[in-house]
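K.L.:
Protein sequence lines correspond, in order, to chains A and B. Quick note on numbering: the numbering used here labels position 133 of the first sequence as 133, and the sequence is numbered without any gaps. Quick note on numbering: the numbering used here labels position 65 of the second sequence as 1065, and the sequence is numbered without any gaps.
Hints listed in this document are in silico derivations from the structure and should not be mistaken for laboratory results. We put the CB at the ideal spot given by N, CA and C, even for glycine. Any given hint might turn out to be false.
[To be verified] Cut-off 30 Å, straight-line C-alpha distance, at most; resulting in silico cross-link-like pairs (DSBU-like, lysine-lysine):
id	chain 1	residue 1	chain 2	residue 2
1	B	Lys1025	A	Lys230
2	A	Lys111	A	Lys133
3	A	Lys133	B	Lys1025
4	A	Lys92	A	Lys205
5	A	Lys141	A	Lys257
6	A	Lys77	A	Lys257
7	B	Lys1025	A	Lys69
8	B	Lys1025	A	Lys257
9	A	Lys8	B	Lys1002
10	A	Lys141	B	Lys1025
11	B	Lys1002	A	Lys5
[Stated by the list, open to error] Using C-beta positions, here's what the derived DEER-type ranges look like:
id	chain 1	residue 1	chain 2	residue 2	range
12	B	Phe1056	A	Arg99	58 to 64 Å
13	A	Leu218	B	Phe1089	55 to 61 Å
14	A	Phe25	B	Tyr1130	21 to 27 Å
15	A	Ile12	B	Leu1120	57 to 63 Å
16	B	Phe1056	A	Lys140	27 to 33 Å
[To be verified] Here chain B is said to cover these stretches of chain A; the calculated rule only asks that three of the stretch's residues, wherever they fall, bring their Cβ under 8 Å from a Cβ of chain B:
id	region
17	8-21
18	30-44
19	200-209
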Amino acid sequence: MKSLKFIKYFIIFISIAVFILLFSFAGLLNPVEGVLNSIISPIVSFFNNISSKVSDIGKSAGSVGDLEKENSNLKNKVDELTLEISQLKESKAENESLRKQLGFVGSIKYKTIIASVLTKDPSSFLKVLIIDKGSKDGIKKDMAVVSEGFLLGRVLEVNTSMAKVLLITDSNFQISGITQDSRALGIVKGQIGSGIAMETIPKDKNVKTGDMVITANLETGVPAGLLIGKITDIYTENNGLFQKASISPFASLDDVKNVILVSM
Amino acid sequence: MKRFFLIFLTCLILLLEVAFFTNVKIFGITPNIFLMFLLASSFIIPEQDIFYLAFFGSLFLDLFSPIIFGAQTIIILLILFLVFLTSRFLFTNVNFILLFLLATVSTILFDVLFGLVLFLSGLRVDVIFYARNSLVPQIIVNSLLALLFYPFVLLIWENISRFQSKARLLK
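Let the hints inform the model, and build the full structure from the sequences given.
P.N.:
What follows is the structure in structure tokens.
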């Protein structure tokens, strides 16, 4: 006689799971999830640090040969940026003096919250990071998430002590963006696979490769002017009415350890 | 002692899935280690213990999942139920072909149900892109894991049983 006890256990546990799902759907489990997360977070963070180091060792072993070339490129970049900084300082001084003359209020300050990355979503479907700060720290849904000064994503889901961040390269991600030089407005979307693109750029706008794309101030909770990426390719959309541009994101998405959540 | 071993191994596997293999990917994917461990162990460990492990382990995974809390637990319990049905009524012996088949079907079923929940939550999933790029490596890695887990759990389980019988005799 074959044992059919598993049917009994299945019915018991699936019934409890359905109740949990219903409670969760009603938002009644957020405090419980928060407590569990705060207990589990340090352990997961510890394991994540180890795996991150293992991953770093693997990557650095494979890239020793490229370091010399990269170093030389970076030195050139530093020279270029030093020149640019001195020009910008001049512009800033001029800007401040003009603002004073016109009686403008000082620049708007962003509210920032620093968080550590606990882990990534283990499923292969979404590009999601899990961070160790939640609603009790002031994090809200749709807040912008920045890494090293560049837009990394937006908050997808929050519970009391943890939040999930949808990365800009996920196909569900979208935000309004504007090109810094040509002031062309468009929708920045994550692409299937990887990478991001700016869509619905008006055809009359003279967008060029190398143009910087920043956030426009059209969504609540996302400040304007956050750097997204650089245009690498431009083509006409299928309907012939708009332009579409491929963007190379500035944020390093593979190895993020800390992030800053920004809101206005 | 057996239960202590099971709980320890489950905790280790869950931490590996959530915090280790998300950074150190195999062929670009994070394998469903926990699901494969349950699948392989379902032939060795008593049903009651497996369902306890599946339930609490899946709730742990749910904490880090982008889908609604509890949904992944339901998916894993359903798959486990199907594994039990298949192994009790369709096959008499455990062999590598059966493990490979079950691992393949479980991987596909898990991904279909997970994708369905994402879709119902209003999130977009490109099924064709996913099937072309991730499904095959996922099936291969998961099957290999199931094939590794089965002899490993069996060996430890038998050794603990032997040790416990000796201890009883000495008493």
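K.L.:
Please go over all the hints and tell whether each is borne out by the structure.
P.N.:
Checked hints:
1. B/Lys1025 <-> A/Lys230: With Cα atoms ~28 Å apart, lysine 1025 of chain B and lysine 230 of chain A stay inside 30 Å; holds.
2. A/Lys111 <-> A/Lys133: Judged against 30 Å, a Cα distance of about 15 Å means the pair holds.
3. A/Lys133 <-> B/Lys1025: The hint holds at about 25 Å.
4. A/Lys92 <-> A/Lys205: Holds, at roughly 27 Å.
5. A/Lys141 <-> A/Lys257: holds, 21 Å
6. A/Lys77 <-> A/Lys257: Within the cut-off at roughly 25 Å; holds.
7. B/Lys1025 <-> A/Lys69: holds, 28 Å
8. B/Lys1025 <-> A/Lys257: holds, 17 Å
9. A/Lys8 <-> B/Lys1002: Holds: lysine 8 of chain A and lysine 1002 of chain B sit about 22 Å apart, inside 30 Å.
10. A/Lys141 <-> B/Lys1025: Answer holds: lysine 141 of chain A to lysine 1025 of chain B is near 29 Å, not above 30 Å.
11. B/Lys1002 <-> A/Lys5: Given pair lysine 1002 of chain B, lysine 5 of chain A holds - Cα atoms ~20 Å apart, limit 30 Å.
12. B/Phe1056 <-> A/Arg99: 58 to 64 Å: For phenylalanine 1056 of chain B and arginine 99 of chain A the Cβ distance comes to about 59 Å; the hint holds.
13. A/Leu218 <-> B/Phe1089: 55 to 61 Å: holds, 58 Å
14. A/Phe25 <-> B/Tyr1130: 21 to 27 Å: About 26 Å separates the Cβ atoms of phenylalanine 25 of chain A and tyrosine 1130 of chain B, which means 21 to 27 Å holds.
15. A/Ile12 <-> B/Leu1120: 57 to 63 Å: violated, 25 Å
16. B/Phe1056 <-> A/Lys140: 27 to 33 Å: holds, 31 Å
17. 8-21: holds (count 10)
18. 30-44: holds (count 6)
19. 200-209: With 0 residues in contact (Cβ-Cβ under 8 Å with chain B), the coverage given for the region 200-209 of chain A is violated.
Hints 15 and 19 from the list above are not met by this structure, while the remaining hints are.
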